[in-house]
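**Q** The residues making up each chain are set out below.
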Amino acid sequence: MTTEQVWDALAEIPDPEIPLISLVDLGVIRDVAIENGTVRVDFTPTFLGCPALEVMRDAMAERIRALGAEPEIVVHTEDSWSTDRITPAGREKLRASGFAPPAPREPNAPTLVQLQSNVFRCPYCGSTDTRLENIFGPTPCRSLRYCTSCRQPFEQFKTI
Amino acid sequence: MNEQEARSLLEIADDELILGWRDSEWTGIAPFLEEDVAFSSIAQNEIGHARAIYELLSRERGTTADELAFDRSPGEYRSARIVELRLPEGERTVARHYLYEQADATRLERLKQSNDPAVAGLAAKIDREEAYHRMHAAMWFDRLEHEPRFTAALDDLQPLLDAGRDEHTSELQELWEEMTMVRRSQPVGTAW
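Residue numbers (the numbering used here), protein chains in the order written: chain A, 1 to 160; chain B, 1 to 192.
Check before you lean on any hint, since a few could be wrong.
Claimed, not checked - Here chain A is said to cover these stretches of chain B; the calculated rule only asks that three of the stretch's residues, wherever they fall, bring their Cβ under 8 Å from a Cβ of chain A:
1) 34 to 45
2) 50 to 59
3) 128 to 137
Treat the hints as calculated values from the structure; they're not laboratory data.
No experiment lies behind these values; they were computed from the predicted model shown.
Beta carbons are placed, not taken as given, at the ideal position from N, Cα and C, and that holds for glycine.
Produce the entire structure from the sequences given, and follow the hints as far as they go.
**A** Take a look at the structure:
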């Protein structure tokens with residue numbers, strides 16, 4: 001077994017809440033290493049309160065067992081996952097399915113003024129004539145916005 | 001981690017567990033939908049932070065996160081009195097949120113400078129999420145800062161933030177009964 005095979009297997013695991021993108025697209029897998037029949041996966045959780053984390057961990061372990069190896073999933077809570085780790089392919093899949101991808105992270109934490117500005121693009125019509133409806137949304141990682149141009153509410157990934 | 005950091009981490013975890021529980025009491029009954037979603041999401045984050053900190057502390061102490069979270073008596077919690085209150089009034093909930101997030105930012109900033117990478121890293125990760133809580137609190141502060149009911153709530157609650165952590169409110173006992181009920185009942189077939 002090679003690490004490429006493991007990466008390929010992990011790339012087939014959908015995100016439990018946005019199944020259009022995979023765990024590899026999401027950028028939560030930092031490293032994969034194989035030693036004496038054990039596959040070690042270094043995993044960085046997204047939001048600490050995200051209930052999908054257990055599902056992700058179990059799904060990874062299951063895939064690795066299916067490859068005939070013993071999984072060791074190491075969860076790194078000291079590592080700050082960032083939305084900058086979502087791959088370009090992952091961002092495109094998000095946009096195509098109606099989720100506005102996150103803005104790039106700047107050195108300082110995002111501010112309310114930024115969220116209230118109109119630089120965020122509607123994933124449906126492409127207009128930047130959009131406004132913040134709620135900092136919080138259906139999951140910890142998303143905010144709610146409204147597109148004034150096509151009158152469509154949409155979910156915006158929080159930059160973190 | 002040094003003793004002072006361990007103490008601070010336990011205080012944060014206890015505050016976030018209890019505040020998360022209190023914030024979740026708005027789920028389904030907040031004055032309007034946006035705040036229902038906001039306080040539910042904040043509650044989810046806070047309990048996630050508490051869990052990650054309990055896990056870190058439990059590795060040091062040779063125990064488990066659940067034991068730390070639920071097997072202590074109410075008197076052993078290190079929570080601040082301000083988070084323990086059941087606050088059915090919207091303006092008092094927002095006032096607490098504003099006061100708490102400011103105080104929380106200060107202690108997280110200190111822990112981010114820790115020499116222990118596990119402590120500094122976790123504090124930094126939590127702080128990235130808290131940035132959104134602070135934004136939400138600041139947004140409400142800007143709207144309400146001249147409203148007498150809101151300023152009265154701030155004046156009323158501030159002393160409970162500053163009071164020590166050795167004495168608790170009677171409301172912590174009630175919350176503890178609710179919070180630990182399932183674990184204490186040991187339903188058949190459970191193992192924890």
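**Q** When I compare C-beta atoms, does the segment 50 to 59 of chain B have three or more residues closer than 8 Å to chain A?
**A** holds (count 4)
**Q** Is the coverage entry for the segment 34 to 45 of chain B by chain A consistent with the three-residue Cβ rule at 8 Å?
**A** Contact hint for the segment 34 to 45 of chain B vs chain A: holds, 8 residues under 8 Å.
**Q** Verify the coverage statement for the segment 128 to 137 of chain B against chain A, using a C-beta to C-beta distance below 8 Å and requiring 3 or more qualifying residues.
**A** Since 6 is at least three, the answer is holds.
Going through the hint list in order, the structure satisfies each hint without exception.
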